[in-house]
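Asker: These protein sequence lines are chains A and B, in that order.
Start counting the first sequence at 14; every next residue gets the next number (the numbering used here).
Start counting the second sequence at 619; every next residue gets the next number (the numbering used here).
Source of the hints: derived by calculation from the structure; they are not laboratory data.
One or more of the hints may lead you astray.
Said to hold, decoys possible - Per the computed footprint, the stretches of chain B lying under chain A, defined by three or more beta-carbons under 8 Å from a beta-carbon of chain A, are:
hint: 1; region: 826-840
hint: 2; region: 869-878
As the list claims (entries may be wrong) - With a Cα cut of at most 20 Å, we get these calculated SDA-like pairs of lysine to any residue:
hint: 3; chain 1: A; residue 1: K34; chain 2: A; residue 2: N236
hint: 4; chain 1: A; residue 1: K34; chain 2: A; residue 2: L22
hint: 5; chain 1: A; residue 1: K34; chain 2: B; residue 2: A748
hint: 6; chain 1: A; residue 1: K34; chain 2: A; residue 2: D237
hint: 7; chain 1: A; residue 1: K34; chain 2: B; residue 2: G749
hint: 8; chain 1: A; residue 1: K34; chain 2: B; residue 2: V747
hint: 9; chain 1: A; residue 1: K34; chain 2: A; residue 2: F234
hint: 10; chain 1: A; residue 1: K34; chain 2: A; residue 2: A45
hint: 11; chain 1: A; residue 1: K34; chain 2: A; residue 2: W23
Ideal Cβ positions, reconstructed from N, Cα and C, are used throughout, including at glycine.
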Amino acid sequence: MLFLVALVLWPFAHLVAAAAKGGGGAWRTVLAAGRYRNALVNSLVLSAAAASAAVLLSLVPAWVLARERFPGRRLLRAVMALPLSFSGVLVGFLMVVMLGRIGAVTELLRWLTGRALLSGAAYTATGLFAAYLYFEVPRAVLTLEAAFRRFPPELDAAARTLGAGTRDRLLRVRLPLLAPALRSSLALTFSASMGSFGVALILARRFTVAPVEIYTELTGFLNDAVAGALCLLLALATLAVDRLLAADGRGRGGVADASARARTPHGRRAPGRGAAR
Amino acid sequence: MSLAAGSPRLGRRLAIAWTALVAAMLAAPIAVTVGGAFLRFDWYGQRSEGAPVQGVAAPFAYVLELWRHNLLRSLEIVAVVVPLALLLGAPAAYAFRRRPFPGSRWVEAAAVAPLAIPGIALAVALIEVAGGAPRFALLAAGHLVYTVPLVVKTVGNALAGHDPLLEAAARTLGAGRLAIVRRLVLPLLAPSLVLSALLVFAVSWGEFNVSFLLATPRVQTFPAALYLTYTTNSFPVAAAATVVFLLPVVPAVAAIQALGGEQLERGPQP
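Bound conformation, chain B alone (with noise of 0.2 Å):
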């Protein structure tokens, strides 16, 4: 009898326990780079920048000099993907929903497919077919692969989630179509659209496969140049360009996790 009341007790105990070990795991990595990042004596073998580093900050100056363009070029990259997704993602998951027609299963299977693909397989795809095209808009076009996809999902969850009688309603009570859409569609849709917006920012902020093969010198993003610091610097210099890729992504998680978004489960292509 203790047993059968006990057991159920001491298992919860210890699937908790579990959980907190596996989530101790993960968080363990970043607890020692970031500390790194932090600290000013040199305990990661011979530095490569010469002087010694002075000061908490001095790596961080120098990773921000040195790889300032590839950060400009991902915020760049960050700014004309976001929208862009949204524009091409969010109509197609309201045609999906609401106006579904002859094999638009199929074309909403063939638009999700791509997350399933090598993003190394698709930069030489788009070499090959494009290589002479501005690498900007590659790159872009790349990004919005693997993004797209995610607002046709998380915008065509929401739908799917409101009642399309109230759009009838709407147009029973003399609604005109731009009028439905922003006065009724586009209110109900924010949360998701907020969602989706921050969804693609952490995919493109962090995509690498894609980008590091498409880069050139003058067009790299940051996941590029954190390779790059990676293989030539030092661990406090590589600790701190961690920082930095991280500092805008962890709100941008938390934020995503506040709003309940399930599709975070596809984060950039590791």
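This is chain A alone, in the form it adopts within the complex (with noise of 0.2 Å):
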């Protein structure tokens, strides 16, 4: 386990050191207005907007799949779990199959209206947010469905029967309730969609985020010093965005706990595990 620690934290250290070349000078030049602090930003907003929004849209989907017992629940939840194995090029793909300039999507609206709606829309910040809602759905629901399946409905039953109306009921028995696993998925969406690169590569073409930045600082202009600066920056970016949502006092939760929580919320321990606590 060490050895894999320090695959990770031996190239992070020479990742510092190669920033540092020139005497710091491609920090000032990453931080500047300018490309690289835009592509920065960027990728911050698009994350947040598109991880917030998974999360909204996966609400009821994985309350339905955790909870509803249907004709076709499980064709459903294979068809929401097949995405999460596709390629970040893969996804990107498919978004200009719908949204490009000769997509499925435009096909049909050009049919239904006469006129060329979002033609190309694949290519711009409406195209990757919609990319990054295909692969943060899927994420989101089964880490919810996940949470929902194991929320105790007992103790939504108690409050009714301590004289608690529906409001009471939402924001101080569920809310609390689910908010670890609200908090872990956040940190699930927006982590993967920082690191999205696959995606980006295909899709970015008038908009432009951090990981396409620095990949062709170093493939186009050998620039590694910027390039590392960049890469430490968006790494940084994404573990302190992912801890402070894992921030509950405890330390735990985040992306690296999100499914431990979802197996045991509040008040119920898998056996086995009080003792080691």
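These two chains come separately, so use the hints to put the complex back together.
Answerer: Printed below as a string of structure tokens:
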């Protein structure tokens, strides 16, 4: 295990050294107003927006898959899970197929309205946002579903017996119980978007994000100092948001804990774990 | 009264309809693409490959011929990464759960943290530190960083569900360390090990972010070929390559679902 930690820490130490080459000029270049800072801000804003939207969109499907029994449920669940195995480039390509200059949606809209609506939208911020949603919704649905399945309905019923209204139960029972799962699904989708390189490599034409800038910097300009500084900032921002969402006073949660938390919501420990804590 | 009785059912129907709609939105692009792979006529702009496509199998034959090396490379990577990830991850999970040492929680957290690191950053770091190393080894190392944590978590969760006293009982009954591992721990963990192998396969097969930057003309994985084919080839060929990519992954995802694999929530970094 230490070997694995070293496999990450040692390269990143070199990255710090590479970024410091030339007396820290790379840091000034990256942080000054311009292309690099824009790319970083774009990554942050787009990832945050897409992660929030994906979690909101996924609440109802996750609840339905966890709690309802109806014909076709397994099929729906399988369809929701399949995109999780997709490579980023594949997701980018699917967006081109749907929203490209001659995409399926684009052609359908042209046929319906007679105008070229959304033509080439895949290559704009809209397309990138749609692509992020495409790979984030399945991630959010699966994380939230696991949490909902272990949601203790007794507590909700008890609150109702004690006279709590719908609003009170939502704010004081359900939200506090589900908040950790919401936070960890946000952390998971956010970090997936921040690291998303394959999708952006296909789609980023008029709108650029940090991973693509790192790639062009390294392969186009052989500027490993600037690429290194960008890499470090991107990794630090991702880890910082992850930890921030995880901060619940116990230092647990975030991406690293998404599924462990989903397995053991408040008040219920998996057997054999209680002693370890 | 009728509203009180009726609205939950209406709400339930609406919720299921919304779920089906979201699933349909996720499925539609796949349906269009896979359908496109089997359409013989050229409906997606200029073909760059010259001769018109002949027959349903033609795009597939073209893809297999064009990207044979990438496919083989990806299969080799998977063949190396799956067993290595299990060998590194399963004993570590056992140590964290059954033989915690001072600071083992920290090591566990540190081992899982790389999952949040952007793959491109890790790829650049790996090039900085060992750009001269054999690329195949670098690729495998990059894949291990993103797969071993999955094994640690999956096997760790399984271990948490089994009573540690079983092992103590076996020891009291005179079983040696090797016998305990072989006849008690391994059989108990078998489902989680299979699940781990499937997860590692799914992630490694689709990994692009680390592999693409580390790729050389000789050592390229199949997702790198996908990128090239998406940017240079016509739609039927690109769609056929997509189908080739999906072929092993769809059964793997189905099997992961059947085993109740929540860990799939983290596929390959997109």
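Asker: If a hint holds in the structure, say so; if it does not, say that too.
Answerer: Taking the hints in turn, this is what the structure says about them:
1. 826-840: holds (count 4)
2. 869-878: Coverage by chain A holds here, the residue count being 5 at a Cβ distance below 8 Å.
3. A:K34 - A:N236: Holds - the C-alpha atoms of A:N236 and A:K34 are around 11 Å apart, at most 20 Å.
4. A:K34 - A:L22: Holds, because 19 Å separates the two Cα atoms, which is no more than 20 Å.
5. A:K34 - B:A748: At roughly 18 Å apart (the allowed maximum being 20 Å), B:A748 and A:K34 satisfy the hint.
6. A:K34 - A:D237: Since the Cα atoms of A:K34 and A:D237 sit roughly 9 Å apart, the hinted pair holds (cutoff 20 Å).
7. A:K34 - B:G749: With Cα atoms ~18 Å apart, A:K34 and B:G749 stay inside 20 Å; holds.
8. A:K34 - B:V747: Measuring from Cα to Cα gives roughly 15 Å; hence the hint holds.
9. A:K34 - A:F234: Satisfied, since the Cα-Cα distance of roughly 16 Å is no more than 20 Å.
10. A:K34 - A:A45: Status holds; Cα separation ~17 Å.
11. A:K34 - A:W23: 17 Å, holds
Against the hints set out earlier in the document, no violation occurs for any number.
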